[in-house]
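Asker: Okay, so the sequence shown: first residue is 74 according to my numbering, each after it adds one.
There's no promise every hint is true.
Cut-off 27 Å, straight-line C-alpha distance, at most; resulting in silico cross-link-like pairs (DSSO-like, lysine-lysine) [what the hints assert, rightly or not]: (1) K82 / K153; (2) K158 / K137; (3) K185 / K127; (4) K204 / K127; (5) K137 / K127; (6) K137 / K208; (7) K158 / K80; (8) K204 / K153; (9) K153 / K208.
Have a look at the derived ranges for each label pair, beta carbon to beta carbon [as the list claims (entries may be wrong)]: (10) G215 / L97: 37 to 45 Å; (11) T139 / F95: 33 to 41 Å; (12) I87 / R217: 46 to 54 Å; (13) K158 / S106: 42 to 50 Å; (14) K127 / R173: 13 to 21 Å; (15) P107 / S154: 42 to 50 Å; (16) A161 / L102: 49 to 57 Å; (17) L214 / F104: 28 to 36 Å; (18) E216 / Y101: 44 to 52 Å; (19) F104 / N167: 43 to 51 Å; (20) I131 / F95: 36 to 44 Å; (21) A161 / V109: 50 to 58 Å; (22) D201 / K127: 25 to 33 Å.
For the record, the hints were derived by calculation from the structure and aren't laboratory data. Note that the Cβ used here is the ideal one computed from N, Cα and C, for glycine as well.
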Amino acid sequence: MVCLESKFKVFPIILVAYLSAFPLLAFYLYFVSPSVSAIFPVLLLTLIVIFWFKALRIRANSIKITQNSIMTRRYFGLGKSIEYKSIALDGFVNVFESGRGITYESIFILEKGKRIGCISSFYHKNFDALKLRLKENVIDLGERK
Numbered sequence: 074m075v076c077l078e079s080k081f082k083v084f085p086i087i088l089v090a091y092l093s094a095f096p097l098l099a100f101y102l103y104f105v106s107p108s109v110s111a112i113f114p115v116l117l118l119t120l121i122v123i124f125w126f127k128a129l130r131i132r133a134n135s136i137k138i139t140q141n142s143i144m145t146r147r148y149f150g151l152g153k154s155i156e157y158k159s160i161a162l163d164g165f166v167n168v169f170e171s172g173r174g175i176t177y178e179s180i181f182i183l184e185k186g187k188r189i190g191c192i193s194s195f196y197h198k199n200f201d202a203l204k205l206r207l208k209e210n211v212i213d214l215g216e217r218k
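Based on the sequences and whatever the hints tell you, model everything.
Answerer: Structure (structure tokens):
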């Protein structure tokens, strides 16, 4: 049985690690410097938590594609592993997003109309290979905005 696993790029991992460590620095500055307000560290921590639970939950998925199934793990592969049979999936949709003059492609895998996984050209090194393997196993539902 041939399987293909997603591999993450280095830049998104460094970016997420930096963003996650930034609230700790803000709390440190709050306790060391008496002139810093407590609102800034709390606000920053809240924004990072929202980022973790919204963007990373949806986009930073570790995907393993085999002949008959697709296994997903959220949060850069740190989350719980869930396996889906290819025949039970609705298909996948392509979404193109632009940022800072660069266009990134994301592929959302759907089951019963819900997104169960994502392959992104921003997060994954082997995006093209994953996309080709996905086209072999699952129905392409086209492009969405």
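Asker: Of the numbered hints stated previously, which ones are contradicted by the structure, given in increasing order?
Answerer: The structure conflicts with hints 12, 13, 17, 20, although it agrees with all the remaining ones.
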